[in-house]
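Trainee: Could you slot chains E, U and L onto chain C? The hints should help.
Protein chains in written order, with our numbering: chain C, 1 to 306; chain E, 1 to 101; chain U, 1 to 402; chain L, 1 to 186.
No lab work stands behind these hints: they were computed from the structure. Among the hints, a few may not be true.
[What the hints assert, rightly or not] Reference listing, derived: stretches of chain C covered by chain L, where coverage requires no fewer than 3 residues with Cβ under 8 angstroms from a Cβ of chain L:
#1 8-14
#2 37-47
#3 60-66
[Claimed, not checked] So the derived list for chain E, only partly shown, Cβ under 7 angstroms to chain L, looks like this:
#4 SER2
#5 LEU7
#6 LEU9
#7 TYR19
#8 SER23
#9 VAL30
#10 VAL52
#11 PRO54
#12 PHE78
#13 ILE84
#14 ALA87
Everything numeric in this text was worked out from a predicted model, so none of it was measured. Cβ atoms here follow ideal geometry from the backbone N, Cα and C, with glycine treated the same way.
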Amino acid sequence: MVEQAPAWAAPLALGLLLALCVAAATFDAALAAGRGLAGALRVPWQEAARLVVQQRRTTVANDPLLWRTGGVSLLVVAALMVAVVPWGDWTLLDSAVGVVWFNAMDVLLWAAVWITGWGANSAWPLVGAHRFLAQALSYELLLMFALISPALGAGSLRLADVQAEQAGLWFVVTMPVAFVVFCVCVLAFSLWGPFAAPIGADLGGGVLAESSGVDRLLVLLGRYALLVAGAAFAVPLFLGGGEGPLLPAVLWSVVKTVLVLGLLVACRRRFALLRPERFAELAWVVGIPLVLLQILVVSLLVLGRS
Amino acid sequence: MSLELLLVLASALFCIGIYGALSQQSIVMVMMGLELMLNGVLVAGAAFWAYVSPSRPDGQVLVLVVITAMTVEMAMGFAVVTAIFRARDADLTDQAADLSG
Amino acid sequence: MALTERLVRFAAGRPHLLLVECPGGTPARLAAERHARARGWPRADGPADADVLAVCGAPSTELAAAVELTWDAVAGPRSRISLRGGEDVPDALERAVAALRDVPAQRLDAAGRTPPDAGGDTGAAEMDHGDMNMDDPPGDMDHAEMGHGDMDMDMDLPGGLAMADRAPDRDGLRLDILHLQLGPFLPAWPAGLVVDVTLQGDVVQEAYAYGWAASTASSWWDDAAGPPGRRAAAHLDSAARLLQLAGWSAAAYTARTLRDSVLDDASTPGTAAQVARLGAKVRRSRSLRWGLRDLGALPAERAVQLGISGPAQRADGDVHDRLLQWLTEAWAALNGAAGRGGTRGEQVGGRTASQALIAAIPRLVIGQELAGARLIIASLDPDLADRDVADTIAKPAVAQHG
Amino acid sequence: MVVDALFWLLALTAVASGFAVFRVSSMARATFALAVSFVAVGAVMLLLDLDYLGLITVLMMVMEMSIMAVFMIMYMMNPGGLMPMSMYHNKAGAMTVAVGSFVVLAAGALLVPWPEREGVAPADITLQLGEGIMGSKMLVMLTISPVLFATIVGSLVLAAPRGRYDRFGDDLDQPASDPVPGGLGR
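Isolated chain C, as found in the complex (with noise of 0.2 angstroms):
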């Protein structure tokens, strides 16, 4: 029942990524400076425009190869992940294994986050470079086993088949502890919040040190843009897909999409930073064991059903 969109739906999908993107932005400046939201609705656009007229640094002996292509590549990594997501009834690629694609763009970002940090050539943005690996090996198998649970319940991949199998209990509730493991490792990899130590303050900008102009929004907007994509995902994965009352069922995946995003851009103001070799005892001594626990909750509920 979901369909592969036309062609023309491609930058339909881009252009919603990017708004949502800005909205983002908003809340998040919104927040920030606790002003309300008019003052918030020019922020996005002035940053984006500083970026835009500002010059691009360089430092000695850099890779500008290397560099660039990080910076673009969370963009490009995010915009892949929305791909195959389905919105209501469409999809722009309907992958049989939807999953594991998100799971694998995600991997991309371990390249992309080290490579803008080696790029710049300096010690800082290398620093938070290892840092974003370190707190990758920690959160990638959580990240793994919150996106098996989905699966597993719904017997397939494939990313319409989960929706689907949602009708009547959304996955949140059968699968509470696997939402939660999802939604931090969203924050982890969009490098967001409790997650921002490759970027953190406490390294001067980590791998964001040597960057201005150009390079900067893309790496910024690149962030916004995983967030949204995770919001996206975990849309299907775990909130109905776009069933619900009333609207049609795209917009009701537009409109969870941007609750969940909205959740997550408000967790940055929550906590203080998780540095990364304490986040990695954390996830690997007690987020581990929870969701192999839950995964162990949802086979016996499989095995039940059938």
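Mentor: Structure of chains E, U and L alone, referenced to chain C:
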């Protein structure tokens, strides 16, 4: 795209891997050569599955096993490099030639 | 192009402000932070993120050179202001915006700059590689004796960089080391402090802490003639900077706001309650405790041995404890507790409190990771705007090998 | 037609970036050239409808290359390739062997009469793999799991500088003395 073309691609990757494994001095670079050789094997395995016996899972399982082998090779390789580096401060094959006759 | 011009003007409405504080520039920094907050200007993480460079206080000769390096690292359109006291700040910020909007002048500025590859080391003083190993004699390279087949050795790398030296690390490996100078200007960093570190990976192996000469008479925070809430404000300021580094910008924002209202009028009844609420919120935060616990532990008896008094000694614990101690003492000060000594402590054995804190830095940061070292230094927060401090710690005084 | 064009593009990318691994001077570039080669091969597998295996290849290999980059930076002198130098031995001999084996292998690929395709791919190719490894090829997977476990143990033993007595002292119940404590305060 045909079986022959895929196999030529596989041989090209495999032979570049041979070149790297034979010519490089650094152990890490030699490992990259080995990885590239296995990359060729991946292509060959996938090609045989698609063009010879798609109805059986053997080709797919072969690819999966090769990917596993690559990770095992890499993990052990890095561990050995670390151990050698700690013991002798060396990361070059010429300095770890104990087995050479 | 008209479009560029319009974008520049539009963007200039919300420039990112990089505050560079020289010892003695505290009132200027406080005023700049206050006005920037009122205008909704964000703070820059570093020179790459900045549009306006505000130099607070009067830089010494060495600091002036460091200011120039930082200025070189700011990407255009850029403007620079110099703040000496608190009064001229609004005008100066207006001037900065006007300079950012002056497109022809910005074009001229951009045309006059040389790219870093041509000019050698033009990066920021605090975050660049130009200081990699410059003082090591050439030829002291372990690689040269290793017999690397047909490798040709060429000592000079492009851009005037030197090749990294090597040293044993804590895992028993001989790996590359990197010399890095932390300070004198970093966000949320004690003004004028410099810590030379030797890094392996991101682990600090050696550290030397010293101050760059200041030009003022005494610390603004400890000035007895100031308003009554100054002690509380000083602790809130230190706490805000540590919270900023710990990645909790919302709490840091609250702490800064409270600091400013304390400085305005310490006797407002609600303020003490708000400080107490902030303290409770910080105490409750589990993510903050996870991040800061067991970092830079300094038991009270050890602190006494090191000549440290004040909150750092009374906290009797790690970075997290010192943060809570500041908030507790700020609240106590607002409730009329007199407090002993200055904001950083008392003079012990001929050394001022800040001197003792600076001397303790190497002991605490060696073996820590770079980001952890920054948190530890922020949790000690020595105040270098003291002539005694500046005179006695003007050159590398503490050396310790890990 | 489109598939053919894509195949040629990906094949050339895989070979060119594979060769670049041993040609570029920067270790970071070498590592990620290898990663590009793997991604291209993964995409070729997608062209062959092997969706799952193609994506797994991308996933595993990009992850592996990112970790490899860290080891590169650790152990190689001059990892940035800023200083001109070459780290080869017996370059000519290696090239001869490589070209020779390519000629033999490629001739074999083109000249051997390969068997005709038998059967058709099932509708769900990933299901075929899953049933394969859980059914007829179960023994293979059963063999692989102890190998993987042995790898984990073996590589840790080789690489870790300190055993548990170094961490805990004689009394294994007390908290570990690690240079950087973990998040749980154990």
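Trainee: All the hints need checking, so say for each whether the structure fits it.
Mentor: Do the hints match the structure? See the list:
1. With 0 residues having a Cβ less than 8 angstroms from any Cβ of chain L, the region 8-14 of chain C misses the three-residue criterion, and the hint is violated.
2. With 0 residues carrying a beta carbon less than 8 angstroms from a beta carbon of chain L, the region 37-47 of chain C misses the three-residue requirement, and the given coverage is violated.
3. Look at the region 60-66 of chain C against chain L: 4 of its residues bring a Cβ nearer than 8 angstroms to a Cβ of that chain, three or more, so the hint holds.
4. Interface hint at SER2/E: violated, since its Cβ lies 9 angstroms from the closest Cβ of chain L, which is beyond the 7 angstroms cut-off.
5. Interface hint status for LEU7/E: upheld, as the beta-carbon distance to the closest one in chain L is roughly 3 angstroms, under 7 angstroms.
6. Because the smallest distance between the Cβ of LEU9/E and any Cβ of chain L comes to about 5 angstroms, under 7 angstroms, the interface hint for this residue holds.
7. Below 7 angstroms, beta-carbon pairs count as interface contacts, and TYR19/E has one with chain L at about 4 angstroms; its hint therefore holds.
8. Taking 7 angstroms as the C-beta contact cut-off toward chain L, the hint placing SER23/E at the interface holds, the least distance being around 4 angstroms.
9. Annotation: interface hint on VAL30/E violated; nearest CB of chain L at approximately 10 angstroms, more than 7 angstroms.
10. At about 6 angstroms, the closest approach between the beta carbon of VAL52/E and any beta carbon in chain L falls short of 7 angstroms, and the interface hint on this residue holds.
11. Hint status for PRO54/E: holds, given a least beta-carbon distance of 4 angstroms to chain L, under 7 angstroms.
12. Evaluation of the PHE78/E hint against chain L yields a held restraint, the C-beta minimum of about 5 angstroms falling below 7 angstroms.
13. Hint status for ILE84/E: violated, given a least beta-carbon distance of 9 angstroms to chain L, over 7 angstroms.
14. Given hint, ALA87/E at the interface with chain L, is violated; its Cβ is 10 angstroms from that chain's nearest Cβ, farther than 7 angstroms.
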